[in-house]
Amino acid sequence: MSAFFENIPILLIIAAFAAGFIDSIAGGGGLITVPALLLAGFSPVESLGTNKLQSLFGSASATIAYAQKGFVHPSKQLPSALMSAIGGVAGALLAGFLPGDVLRAFLPILLVAIAIYFAVKPNMGDVDRAQRITPFMFGIAVVPLIGFYDGLFGPGTGSFFMLSFVSLAGFGILKATANTKLLNFASNLGGFVTFAFLGVINWKVGLLMGIAQFAGARVGAGLAMQIGARIIKPLLIIVCLALAAKLLLDADNPLRVWLTNG
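With the working numbering applied, the sequence shown closes on residue 262, and no number is skipped along the way.
Since the hints were derived computationally from the structure, they do not count as laboratory data.
Check before you lean on any hint, since a few could be wrong.
Unchecked claim - Across the chosen pairs, the derived CB separations fall in these ranges:
hint	residue 1	residue 2	range
1	S75	A113	31 to 41 Å
2	A130	L82	24 to 34 Å
3	F197	P9	24 to 34 Å
Since this is a predicted model, take the numbers as computed values, not measurements.
Heads up, the beta-carbon is just placed ideally off N, CA and C, and yes, glycines get one too.
With the hints as extra help, turn the sequences into a complete structure.
Listed below in structure tokens is the structure:
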């Protein structure tokens, strides 16, 4: 059994636990785990594939925790989850063919906009508000697009789901967080199946990180349900800004190159 744990950087286990904790509250766990995998020496595509495997544990753990307390009803969201998974498969299949420069250029701007929206939006708490779109239209129009993005690129998926649930579906922040985890699990599953088919997953590392993710997500979801919007809202803003900053700091980010040379 000890041989199974050999050559596994402890950094990856710590990163997975921290990612599970943060992701279960505000999303953005990939901001921690993907760079950690790259630093550990994995190729970009293997990092993405392995990240999909381990993130399944975190999103599943958070979904179970929220479902046990009645903040999400998986049976009611099953059609939307299916659409999210289909979107994840489609995005992952196209990930190797479509250029990511446009996404990497505009994603920081979108994330900053989301952070500003949650920061300045008044009366945003855990109470549901009026819907701006029917559940049916939300499930067939919004969900698969975000799932597609998750399979294609990934960073910020939880933030996009959160924004959609709050601004379009009228969910309170805690309920939006709970339902985001379910749909994020579905899109992760779709992407994972595709990456597994392509053979770009390190199973041992992914499973060990997944165990740590599961534990971290359980702790994070419990804290979110105790404190609600008071912790979810500020952490979501911080995660969006941190992810935007990380993307802009990447030397090959097209927006940074344009600003530097322009």
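Status of the hints after comparison with the structure:
{"no.": "1", "hint": "S75 x A113: 31 to 41 Å", "in the structure": "holds (34 Å)"}
{"no.": "2", "hint": "A130 x L82: 24 to 34 Å", "in the structure": "holds (26 Å)"}
{"no.": "3", "hint": "F197 x P9: 24 to 34 Å", "in the structure": "holds (27 Å)"}
The structure agrees with every numbered hint stated previously.
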